[in-house]
Every structure is written in structure tokens, then in C-alpha cells.
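Chemist: Generate coordinates for the entire structure from the input sequences, incorporating the hints supplied.
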Amino acid sequence: MNRHLLSAADLSLEDATLILDTAAELAELTERATVKKLPTLRGRTVVNLFFEDSTRTKTSFELAAKRLSADVINFAAKGSSVSKGETLKDTALTLEAMGSDAVVIRHSWSGAPVNLARIVRGSVVNAGDGTHEHPTQALLDAFTMRQKLGRLEGLKVTIVGDILHSRVARSNVLLLKTLGAEVTLVAPPTLLPTGVDTWPAEVSYDLDAVLPKSDVVMMLRVQRERMGAAYFPSAREYSRRYGLDVDRVRQLQDHTIVMHPGPMVRGMEIASEVADGLRSTIQDQVANGVSVRMAVLYLLLGGSESAIGSEQ
Amino acid sequence: MSSHPSTVIKNVTLYGEGDPVDVLMQDGVIAEIGSGLSGDEEVDATGCLLLPGLVDLHTHLREPGREDAETVDTGTQAAAAGGFTAVHAMANTTPVADTAGVVEQVWRLGQQHGHCDVFPVGAVTVGLEGKEMAELGTMADSAARVRVFSDDGKCVSDASLMRRALEYVKAFDGVIAQHAQEPRLTDGAQMNEGVNSSLLGLTGWPAVAEEAIIARDCLLTGHVGGRLHVCHLSTAGSVELIRWAKGKGWDVTAEVTPHHLLLTDDACCGYDPTFKVNPPLRTQADVDAVREGLADGTIDAVATDHAPHALEDKETEWGAAAMGMTGLETALAVVASTMVETGRLTWRQVADRMSETPARIGRLEGHGRPLAVGEPANVVVVDPAAGWVVDAAAMASRSRNTPFAGHQLQARVKATFLRGSLTAREGKPA
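Same order as they appear, the protein sequences are chains Y and E. Positions 1435 to 1746 (this note's numbering) are the ones given, in order, by the first sequence. Positions 41 to 470 (this note's numbering) are the ones given, in order, by the second sequence.
Just so you know, these hints were derived from the structure itself, not from any lab. In this text the structure is predicted, and so the values were computed from the model without any measurement. All clues given are correct.
Restraint ranges, calculated between C-beta atoms of paired labels, are given here:
hint, chain 1, residue 1, chain 2, residue 2, range
1, E, A211, Y, A1510, 55 to 61 Å
2, E, A432, Y, N1436, 23 to 29 Å
3, E, T382, Y, T1489, 53 to 59 Å
4, E, V248, Y, G1584, 46 to 52 Å
In this text, a Cβ means the ideal position worked out from N, Cα and C, and glycines have one as well.
Modeler: Here it is in C-alpha cells:
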């Protein structure tokens, strides 16, 4: 494993598999235990450095670190994206002076975790940077797929929505490629990036053609403000062409699961009945997020000894 | 005999051609070219070649307004160190160089420091806002004698205003130097739009945003018979458009920067804002095309777009960082490394692309002149065989944002003379 987790592309097949296996081990362990805390990272300091609001990801990392007995500092940095960027450097130097072992960073600018990793000595975990990547989301998605379908190799995964602006899509494409799954991206042409033809993924504009072949359908949030920039004409038209509604779900194979990284816009990209339906893994994804982030922090900070520890 | 000391450059080849000669400079002019000449000062230029002093059409000196990044003093020292004897100072200062007062101030600062002649560029529109035409004629008539007008950093995107500007400056033989960037196609743009931007999650700056403006402006120039200069052309498509416009006989010229001759957007992959520049670094196909365009004369000149920035404006997240890179001290070596070493240009042609033609575009009288007796002694002695590694900390510029740090480059400035006075030696200000 590298010292940092900045991009899903940093992970080899062995690294990714180790994280998923470790997460499974940790999940089982905390599920069985009455006291869910493990002593593994006792005395280590993990800083949650969130320049962008994200209650769900921040809480997930916080819980993961606390279950490993690490000291957690929530460093609420805000407004760095306005004009000057001293904030990131100065904040990094402050954290460095305090002696943090790992920094979990969420930032509205792509690449900010890479910049941070050049300054701090500890590990940096990318918890979402701009429209670049969100590697722990991809790991928890892969974990959920493996949990529900028993494998990743050869799995047909369809990712639908605003690929252009999605860090979740970028990390998923990279990680799923490493893990041997076959990804198809579905979006209106305006929401696909230039150069997507060079990505290790198929591309389609036609959701209905792709759905029957999919083992996994991952719906991405589409922000309403994209309409103002003329990426598509209206929420209604988007929903009609690219939304996962009850009728479309009928085209799916029996085993196919429906995923969403949240937050959802119900009625836009996904119908409420589908989000709450039996195929939906949305709640599992949230739960698995904690296990996967525990595994990442453990492997970055704890080294190679058993995650289970000796004090059990 | 004159009261001013004379200098003789010993054993130098003119434009790197023919047998070595001695060049005697006295009273600001080339007094004699021959052999066995002597003067009060001597520079041994064995193995070196002599070029007319370089002329930059595109320099940001940052004064007035951002003296923490560069001043006329430090910027012109950097220019001299890079072999330049004249630079055009871009108008995007604070206040903007959109009045006779500001351009005269910049021009006088250049004269006062004396490292390199400074020719201010006047803004096309008031405050670079693209709305009302600035007093172009007053700037032309001022002591600064402005002939190049540009809103550089911003595009004159209003087609009607651009047309009027091209027409208006005909009265005093001015040229509109356009920063070609369609603003609606580049909203929030961070880097070249392509494979790398999509992977990095950075908003793309598509080639078409440059090409669309160049095509429009060439057509406008053809229509009104004005004079257009295209700043920092960066794409293969732009080269084709300029070739087409020249084929029509329109008075269109273009420049390319050293960084667009050498670097591609692969350099952006580590999110190091040193490589953030506008227009952005493009692809290898674009680099190949601009090299070819410069070689065949489609692109008329090399211009540095020297854009110094304070450390805190670069040592930050990519999206928050300022655009631009320094270039005065590395330009000649980058051109030598990319164009001369590779056989695309001779040194004689380097003199054309980096001195004679830019001086002609800027309508400068005392620069870009032949190496001949009686001509102004604005010259640069170049050691074409000297290899060197670029060290950002060793720059004369006040700023350190060179994209070439650590690059091994070929050819070094041995000495620069402005009207016969030594302004730089061994790549350092004199």
C-alpha cells in the first residue's frame, strides 16, 4: 500500500483486495461484538479536514476512526475555494505541527489532496476532491457489489448520470477496472467528459438498451443547477430519458442490484419506490462505508499486523 | 575619439554563420566589424554567435500594482539576462494601462532602470472590461509611442468592438494583439480540455475556444483591412487558421510562447500549479504543429508571455492558483533546444523570429536591426554549445514560477548589450 489514498488508480489489485478483505473481517468483528471498539489505532490521531460540507462522509470517517480507537479531530475549514489558497497550506502546516497521523480531506478543488500530501508527513486520504475522485466511495461500492453478488470479476456495472462532474464515477471506473468488472457509462452526451472514449469503460446514451444486461445499476445524483448551464433541457426530460423508475426496473435481471452514492434526488434520477425497493443497496452502502474506511485507516496507519489485534 | 568607453566583441560569428569576426561598439552603435579590432573593454566570444537583441512582444512586468511579483526593474533585468533588449509590457496592471498617464509611467520606469527598453502595450478597452474603447490615439501620441494594443488576459470578445478597434488603430499604424479566448466556452476553465482534464476532473479549456476567435478576427481583419496580431497561439487548428488567413493576404501575425513549444498538458497531472497557464498547455500534436508553424513562418514570432506570480498565488490548490509562468530567462534556450537543435530553425531564423519580426510587428525603430555598421548596438552574444539546467532560485525575475526548473536546456546568453552598454553577462544581469 502507498502511504496515501489519493486516487483509486493508486490501488493495485492486491491492495484493493486486501482492503475489501480487511473490511469484511472488521465488519464481522464489530457486528459480533457488544462493544464495537477495537484498540488498533489507540494513540493515533486522525484529522477530518472538510473544506466542503458532507455530513455523511465526515460521519462515516469519524465513526471508522473512533471504532479503531483513534483520536479524531474534526477540523472545519471553510471558504478556501474563495480567492487565495493560503488556507490549505497554513492548515496543513498547523496539522503538521500538531502531529496528526492521518488527514482525511474533502475539498471542492480537484487535486487538493495531492497538494496536501506534498506538505504533510502523515497519510492523506482523499474523501472527495472537486470533480476528480472519491476513492473510498468506490471501495465501499465494490465491497457492496461483492457482498451482494459474490464476485467482482466479470460483473457488468452500469453507472448512470452526471459522469462529467462525478468524482464517484471516476473512482469507480478506475477501481472496477482493476478489480475486473466491466463498466458501462450512461449519460446524455453533454454530461460525458471529452476523452471518455479513452476510459476503460463502454459508453452509451441509451439507458434502456443497457439495463437488461446489467448486474449492477449505479445511479448518480444530477444537480438541478446543471440545467441552468444547458446540459439538459429540464428535470422532467432528464428523468424520462435517464431516470430509474418503476417501469425501467422491470427490465432488470432478478439478481441485479440498484446502488446510489447519495445524496439522492428522489423523483429525478431515481424513483422513491426504486430507492426503497428490495434491489436497493443504498442503506448497505452507508453501513459498508464505515467498514471500508476502517480498513483504509487501519492499513494506512496500523501496518501489517492483524486487524483483530491481541486484546480481544 | 569619443568620451564613452568602447567595447569589442572578439571572435564572434554573426548569426552563427561564416567566419568569426570582431564587432566594435561605440557611442551606442556598431562602429566597426572586422578582425584584430580593439576597444576599452573586450568580450571573448570564441565559439559564440551574435544576434540582434531579442524583442519580446508579450511580457508582464506587473508594475504598477503587483510589485511583490515583479517590477519594471526586476523584470527588465530578467529580460536582459535572457538576451532581450526590448520588451512589450502588457496592459493588465493595476491600474490598467489604458491611459497615456499609465503607459508613460511604465515607459519612463524602463528608461530610468536602463536594463532593457520597455514599450508599453495599451489596453484596447477601458479597464480591460471589453465595453468601451480606451483612448488608443492618445496613448499612441504619448511619450510611450504605443503601437501594440491588447486586453491580454481577457479576450476582446465583442465582435463589433473588435472590428472598430481594428479599424481605429489604422490611423496610427497600430496593431490589435488579441488574447483569443471565447469566454462562454471557457467559463471556469482550468486546463486544456482533453484526456487529461477528464481524468483530473479539471474544467476544460477547449481548443475551439481559441480557434473560433482567431477565425472571426481574421475575417474581421480581412473585412476592414486592419492589422491583427494573435497572442500566444497554442493549438494545431490555430496554426491552420493563420496559414489560411495569410494565404488570403490579410495582415495577420501570430506568436507562440516557449512553453507551448516544449510542454504538454501531461505536465498538469501532478496538480502542480506551476503548469497552470492561459492558454493552457496542449497536447503533443499541438506542440508538433506550433513547432512546424514557427519553422515555416506561419507563426511569425516567439513571445514569452512572461507572467511572474508571487509564491502564495502559485503554492495553492490548482483551482485557486494564478495562471501564468515566467519565461524571459529561458526563452532563447527553449527555442534553441526545441527548434535549432532539432534542425527546424537556423540561428539566422531565430534572429528573425525573436528579434526582427517582433520589432517590426511592434513598429520599433531601434531594435531588430541588421548586424551592420551604423546600426544600434542592441545585440546578444549566445553560446550555442553551453548546456545548462534551469534553477528557479537562480532567476533574476522576482518570481520563481518557471515551468522549466530542472530541465536541461541548450544555449546560454553570454552577454547582452543595450546601445553598447553591457546589461547581462553569463545569464545574469550585469
